[in-house]
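K.L.:
Construct all of the structure, not just a fragment, from the sequences and the given hints.
Taken in sequence, the protein lines are chains D and S.
Here the first sequence stands for residues 274 to 390, numbered as in this note's numbering.
Here the second sequence stands for residues 16 to 129, numbered as in this note's numbering.
Everything labelled a hint here was simulated from the structure, so no lab data went into it.
One thing to keep in mind: the hints can contain errors.
Mimicking BS3-like on lysine-lysine, the simulated pairs with C-alpha atoms at most 30 Å apart in a straight line are [what the hints assert, rightly or not]: (1) D:288 / D:335; (2) S:92 / S:64; (3) D:351 / S:121; (4) S:92 / D:335; (5) D:351 / D:288; (6) S:92 / S:121; (7) S:92 / S:71; (8) D:288 / S:121; (9) S:121 / D:284.
On a predicted model such as this, the values are computed, not experimentally measured, just so you know.
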Amino acid sequence: NAGVIQTPRHKVTGKGQEATLWCEPISGHSAVFWYRQTIVQGLEFLTYFRNQAPIDDSGMPKERFSAQMPNQSHSTLKIQSTQPQDSAVYLCASSWGQGALSAETLYFGSGTRLTVL
Amino acid sequence: GNSVTQMQGQVTLSEEEFLFINCTYSTTGYPTLFWYVQYPGEGPQLLLKVTTANNKGSSRGFEATYDKGTTSFHLQKASVQESDSAVYYCVLARYTGGADRLTFGKGTQLIIQP
Numbered sequence: 274n275a276g277v278i279q280t281p282r283h284k285v286t287g288k289g290q291e292a293t294l295w296c297e298p299i300s301g302h303s304a305v306f307w308y309r310q311t312i313v314q315g316l317e318f319l320t321y322f323r324n325q326a327p328i329d330d331s332g333m334p335k336e337r338f339s340a341q342m343p344n345q346s347h348s349t350l351k352i353q354s355t356q357p358q359d360s361a362v363y364l365c366a367s368s369w370g371q372g373a374l375s376a377e378t379l380y381f382g383s384g385t386r387l388t389v390l
Numbered sequence: 016g017n018s019v020t021q022m023q024g025q026v027t028l029s030e031e032e033f034l035f036i037n038c039t040y041s042t043t044g045y046p047t048l049f050w051y052v053q054y055p056g057e058g059p060q061l062l063l064k065v066t067t068a069n070n071k072g073s074s075r076g077f078e079a080t081y082d083k084g085t086t087s088f089h090l091q092k093a094s095v096q097e098s099d100s101a102v103y104y105c106v107l108a109r110y111t112g113g114a115d116r117l118t119f120g121k122g123t124q125l126i127i128q129p
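P.N.:
Here it is as structure tokens:
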């Protein structure tokens, strides 16, 4: 089991450019989560999917961020018109999603470090 | 709303010393409580979890007791090793407002000096 795979590990973009981050959850897991991590804010919840359906995107900045899960084997987080304040480590996590998610263990990927110049 | 407080931003110890990391939480009902650990360059990984109030969880020499009375979930280890150097997150999980939510504390950086 390779764990949760995130690509790329590092991405550098210029201000105003688009960034797409990829996540491959653990095979068989039906819940996928996206978090953002910064020194100042710590770990912030962005959004999550269950059985590919978006369940809660309350943490997503509304205007430039979007997430999709077109199939059970991958999810993407897209940031349009990136800004320097978007610089962070973006973490994807998955869990079995078979019962109460609040009691399940999350398995995190190693993250994508996004730097916006 | 839910909240988790870790007052210690950083703890520095020498090998074989006793570790205590403070964590208190605020919520309604009976959440599940976790400790996650994050090593440099990696995502957080589960260290231990406790689903039932007044129970203790343990793993790899670490232990934490879910104390409903004091709303605390402190992490302890009797004798730390240099390999324990990492960031430790106290996490509350609670189904509220129609959605499952994890609330992370700010994290405590543990530095172990050889």
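K.L.:
Check the structure against each numbered hint from earlier and tell me which ones fail, lowest number first.
P.N.:
Of the numbered hints given earlier, the structure breaks just one, which is hint 4.
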